[in-house]
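Chain B: place on chain A using the hints.
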Amino acid sequence: LAKTTQPISMDSYEGQEVNITCSHNNIATNDYITWYQQFPSQGPRFIIQGYKTKVTNEVASLFIPADRKSSTLSLPRVSLSDTAVYYCLVGDMRGGADGLTFGKGTHLIIQP
Amino acid sequence: GAVVSQHPSRVICKSGTSVKIECRSLDFQATTMFWYRQFPKKSLMLMATSNEGSKATYEQGVEKDKFLINHASLTLSTLTVTSAHPEDSSFYICSASGVTGGPEAFFGQGTRLTVV
Numbered sequence: 005l006a007k008t009t010q011p012i013s014m015d016s017y018e019g020q021e022v023n024i025t026c027s028h029n030n031i032a033t034n035d036y037i038t039w040y041q042q043f044p045s046q047g048p049r050f051i052i053q054g055y056k057t058k059v060t061n062e063v064a065s066l067f068i069p070a071d072r073k074s075s076t077l078s079l080p081r082v083s084l085s086d087t088a089v090y091y092c093l094v095g096d097m098r099g100g101a102d103g104l105t106f107g108k109g110t111h112l113i114i115q116p
Numbered sequence: 740g741a742v743v744s745q746h747p748s749r750v751i752c753k754s755g756t757s758v759k760i761e762c763r764s765l766d767f768q769a770t771t772m773f774w775y776r777q778f779p780k781k782s783l784m785l786m787a788t789s790n791e792g793s794k795a796t797y798e799q800g801v802e803k804d805k806f807l808i809n810h811a812s813l814t815l816s817t818l819t820v821t822s823a824h825p826e827d828s829s830f831y832i833c834s835a836s837g838v839t840g841g842p843e844a845f846f847g848q849g850t851r852l853t854v855v
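Each protein sequence line maps, in turn, to chains A and B. Each residue of the first sequence is one higher than the last, beginning at 5 in my numbering. Each residue of the second sequence is one higher than the last, beginning at 740 in my numbering.
Since the hints were made in silico from the structure, they are not lab data. Keep in mind the model is a prediction, meaning the values are calculated, not measured. Even for Gly, the Cβ is constructed at its ideal location relative to N, Cα and C. Possibly wrong hints are sitting among the right ones.
What the hints assert, rightly or not - No farther apart than 30 Å at their CA atoms in a straight line, the calculated lysine-lysine pairs in the DSS-like style are these:
hint: 1; chain 1: B; residue 1: 780; chain 2: A; residue 2: 7
hint: 2; chain 1: B; residue 1: 781; chain 2: A; residue 2: 108
hint: 3; chain 1: A; residue 1: 108; chain 2: B; residue 2: 759
hint: 4; chain 1: A; residue 1: 7; chain 2: B; residue 2: 781
hint: 5; chain 1: B; residue 1: 780; chain 2: A; residue 2: 108
hint: 6; chain 1: A; residue 1: 108; chain 2: A; residue 2: 58
hint: 7; chain 1: B; residue 1: 781; chain 2: B; residue 2: 803
hint: 8; chain 1: B; residue 1: 805; chain 2: A; residue 2: 108
hint: 9; chain 1: B; residue 1: 781; chain 2: B; residue 2: 794
hint: 10; chain 1: B; residue 1: 794; chain 2: A; residue 2: 7
hint: 11; chain 1: B; residue 1: 780; chain 2: A; residue 2: 73
hint: 12; chain 1: A; residue 1: 73; chain 2: A; residue 2: 108
hint: 13; chain 1: B; residue 1: 803; chain 2: B; residue 2: 780
Stated by the list, open to error - Simulated coverage check for chain B against chain A, where a stretch passes if three residues somewhere in it have a Cβ under 8 Å from a Cβ of chain A:
hint: 14; region: 783 to 792
hint: 15; region: 844 to 854
In isolation and in its complexed conformation, chain A is listed as follows:
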C-alpha cells in the first residue's frame, strides 16, 4: 500500500482558503486518492476522492498532478467547524482489496 506524507498540523483563519498537500510517491496504477475528515470521538467522514486532474464537490476540491505522486486538498473559505484532522489515503477498496492505511493526518486548526 502506498505510504502518504502530509504536514502534521496547519493553522488558518476563518474565511481563508486552506490547501493541504499530501505526498504519495509510490501510488499504484489502480489506486485512488481519498481524503477524510475526522472530529474527536467520531469516525472519519468522506470528503472527496479522485484519480487524476481535478475533482470538485460541494465542500472541497482535489488537485492531482499528472504524475499522481502528490495531491492537494483545497477547502474554500474555512470556518471554525473545519477544525479537525484530515487524512489523505491512497488505495482501491473495491472487491475486497486491502484496508486503507491511515497515516498521521493533518491537524487543521481554524482561528477566528
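Here is chain B on its own, set in the frame of chain A:
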C-alpha cells in the same frame, strides 16, 4: 454518501466480560468490512478485514481469538472483544466498501469501549 451505522456508540464493561460491536451498511451491500482501533491522539490502526461469508484476515499483532469478527451478511459485521481488559479500552471504528459504484470506503461513527 453511503451510510454505515455502528452500535453501540459507547460501552462500559467489567474486566473479563465480552462486548459485541455491530457495524451495518444501511443503503448498500458491503462486500468487505474493516475494523480499526484508535487510541487517543493517534491515527486509526487497521485490525482486520472481513469479506462476507469468509473468515476475517487479521493484521499482524492482532489476536484473532480475542477479537472475533463475523461478517454473516452483506450488511452486517460484528466485532466481539472477548475477555476484555483495561488495555482493550479504545475507540473502535468499522468501515465498509462494496457495491456503491465507487472505490471509497465509508466509516461508522465509532464505539468508545471502556473496560473497568
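How the hints compare with the structure:
1. With a C-alpha separation of about 20 Å, the suggested pairing of residue 780 (chain B) with residue 7 (chain A) holds against the 30 Å cut-off.
2. Between the alpha carbons of residue 781 (chain B) and residue 108 (chain A) the distance comes to roughly 7 Å, so the proposed pair stays at or under 30 Å and holds.
3. Note on residue 108 (chain A) and residue 759 (chain B): the hinted pairing holds, with a Cα-Cα distance of about 28 Å set against a maximum of 30 Å.
4. Under the criterion of a C-alpha separation no larger than 30 Å, the hint pairing residue 7 (chain A) with residue 781 (chain B) is consistent with the structure, at around 17 Å.
5. Simply put, residue 780 (chain B) and residue 108 (chain A) have alpha-carbon atoms about 9 Å apart, close enough for the 30 Å limit, and the pair holds.
6. For the proposed pair residue 108 (chain A) and residue 58 (chain A), the alpha carbon gap of about 24 Å is at most 30 Å, so the pair holds.
7. With a C-alpha separation of about 22 Å, the suggested pairing of residue 781 (chain B) with residue 803 (chain B) holds against the 30 Å cut-off.
8. Of the supplied pair hints, the one linking residue 805 (chain B) and residue 108 (chain A) holds, its CA atoms being roughly 26 Å apart against a limit of 30 Å.
9. Between residue 781 (chain B) and residue 794 (chain B) the CA atoms are separated by roughly 28 Å; this keeps the pair inside 30 Å, and the hint holds.
10. Distance restraint check for residue 794 (chain B) and residue 7 (chain A): the Cα-Cα separation of roughly 27 Å lies within the 30 Å cut-off, and the hinted pair is therefore satisfied.
11. Pair hint residue 780 (chain B) plus residue 73 (chain A) holds up; C-alpha atoms about 27 Å apart against a cutoff of 30 Å.
12. Between residue 73 (chain A) and residue 108 (chain A) the CA atoms are separated by roughly 18 Å; this keeps the pair inside 30 Å, and the hint holds.
13. Pair hint residue 803 (chain B) plus residue 780 (chain B) holds up; C-alpha atoms about 25 Å apart against a cutoff of 30 Å.
14. With 5 residues carrying a beta carbon less than 8 Å from a beta carbon of chain A, the region 783 to 792 of chain B meets the three-residue requirement, and the given coverage holds.
15. By the rule of at least three residues with a Cβ nearer than 8 Å to a Cβ of chain A, the coverage given for the region 844 to 854 of chain B holds, with 7 such residues.
Hint compliance for this structure: every hint is met.
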